[in-house]
Amino acid sequence: MKRTYGALLGACATVAFASAAYAETITIATVNNGDMIRMQGLTDDFTAKTGHEVEWVTLEENVLRQRVTTDISTKGGAFDIMTIGMYETPIWGANGWLVPLDDLSEEYDVDDILPAMAGGLSHDGTLYAAPFYGESSMIMYRTDLMEKAGLEMPEAPTWSFIREAAAAMTDRENDINGICLRGKAGWGEGGAFITAMSNSFGARWFDMDWNAQFDTQPWKDTLEFYVGMMNESGPAGYATNGFNENLSLFQQGKCGMWIDATVAASFVTNPNDSTVADSVGFALAPDTGLGKRSNWLWAWALAIPAGSQKEDAAKQFIEWATSKDYIELVAENEGWANVPPGARTSLYENPNYMEVPFAQMTLDSILSADPNNSTVEESPYVGVQFAAIPEFAGIATEVSQEFSAVYAGQQSIDEALEKAQAITNDAMEAAGYR
Amino acid sequence: MARAVTTNRKIINTAVAWGIGLLVFFPILWTILTSFKTEAQAIADPPIFLGFDWTLENYAVVMERSDYGKYLWNSIVIAGGSTILGIIIAVPAAWSMAFVPSKKTKDILLWMLSTKMLPAVGVLYPIYLLFIKMGILDSKIGLVIVLMLINLPIIVWMLYTYFKEIPGEILEAARMDGASLKEEVIYILTPMAIPGIASTLLLNVILAWNEAFWTLNLTAAKAAPLTAFIASYSSPEGLFYAKLSAASTMAIAPILILGWFSQKQLVSGLTFGAVK
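Residue numbers (UniProt numbering), protein chains in the order written: chain Z, 1 to 434; chain G, 1 to 276.
These aren't lab readings, by the way, just hints derived from the structure by calculation.
It is possible that part of the hints are untrue.
To be verified - SDA-like mimics (lysine to any residue), calculated; alpha carbons at most 20 Å apart, straight line: (1) Z:K419 / Z:A430; (2) G:K222 / Z:T70; (3) G:K222 / Z:A430.
Claimed, not checked - To give an idea of the chain Z side of the interface with chain G (calculated C-beta under 10 Å), a few residues: (4) N33; (5) A261; (6) N272; (7) S274.
All C-beta atoms in this analysis are idealised placements derived from N, C-alpha and C, irrespective of residue type, glycine included.
Using the sequences provided together with the hints, build the complete structure.
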């Protein structure tokens, strides 16, 4: 009997030792948004399933971008998993900085990832980051104001209709602006919006020889339309409005329409924060009939830096966090409206999720954006609201500053386009593209 | 009549001083007030000053989501450690510059100050690589060293200014009485310069506490101080101003309290030698 107990104790000790030796603590760098914070709250489920502990480093988006770029380019090894976007993934994948995610388990069902997302997070057909959630942009509008204006929003409106509707909904006396759009400088703020908008006007950043295209008519048309419409129907000081400023205006009932990230739909329909929660409708981002709409495509995705000492544990975490089971887990705990959207096809086949008012329009918006073919005329880059080359962030930030100066009335459209052309061509020449 | 003018001037001076004080303090006051609002009240237009439903919910959320104690402890160690280390190095340096200056002393002082003029991001990569090689990335000791080096020019300059006010004859007398160099610095110079050292110490604790470039860029999960704690509540996509304000209030509270209790020493140290 003693011997049996001894053997049993020995076996237990061996198992305990083996588990302890296997259990890792992984460090994950991530952004501060609702979905990521929710994931942090559910980490215990991952630990219970795998034994691995997780340490979180949550940072503001721009700080995070600088922090992880420094670490991965110096092979610092401070993080085992990094939250990165569609802009970084193909560039870092091409540099060999990321572990390819080409051996994920069968149960994970990698083919279930929405093709647009998988395409934007791959390089040469290899997936380098798994999408945690995806987003596009769409029109959010006030159904009551639209009705009052005697108009009906089509599912896929044109820019001409949007301008007409914005003018009709504007009521300066009651502090209602027909339309709220991003104007704030920054490649991820106003820069992202105007680039996506320019796609629908037939503009592009570069021709096939990497020459800047700001001296072409489509760019002039884009800016003239934007500035004209915003001066007629936009809020005062729109040159400094970004996502948060417009969200605040819309939630307080001061915008008739707002074209921005699909993720905003859950904010503006939340009665705890929004005064107009029960009168919000959705439509596809507008076009001009040239075949491209003005919506963007973005994903926050999880990637493993090459050289990570804890690659296996990191892969297990990525499989857990971006799995179908995780979506079920969030739905159980927080409801279907709060599951991370835009990453998996199966989510949009789930009848429970399709009851969420903005689910279908989010999917339609994502599906209508193609990062590999985003412009009317052929272009040499991947990306809808950006060009996935390392130089883009710096160039686009400067260009968007010039555009914001136009919105603020500090310079003319022609001056801004001339400067944008020079800034871009100089930078591309210095980088060896031309 | 003369008395009336003096009283009037006093009233005006007091009013102006209060006005400037309130203006400077207003952003902090607004942050504190916002931390007790709901997210909807935090963005209300027109802004609500006091007439809102006070709530502690933001603090509860922040405490639940983050390990505040860990960040606080890291801040205390990093700010305290870098300041103490800086003082230990700067006292002898400032002594030599103040009492046994060479021809190049002024040049050295200017050169030291010039290092503060280099944008920090310009040396981010070399320092980051150095930290990786030395194995001190995301460690408190690494940040203590970096923040000490960053603030050292200010510490030396401040101490040098205070030491210059102390008559060299007193130190000479101590030397005549047989005091060694160590005794001269520890038993004669330091006690006489206590207000100056105290204010230097306090100012550098504040500078190190608020430093947000290196503390964000050289840390991950282990050594992150309160600056990283605040950064984790800032978001360009989502209105979380009330929670951000709660986190900010919690981050500045310790240094605010320290500053409040030591304001006399701080003022006397900063004005030391200002009036001759």
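**Asked** Looking at the structure, which of the earlier hints fail to hold?
**Response** The structure breaks only hint 3.
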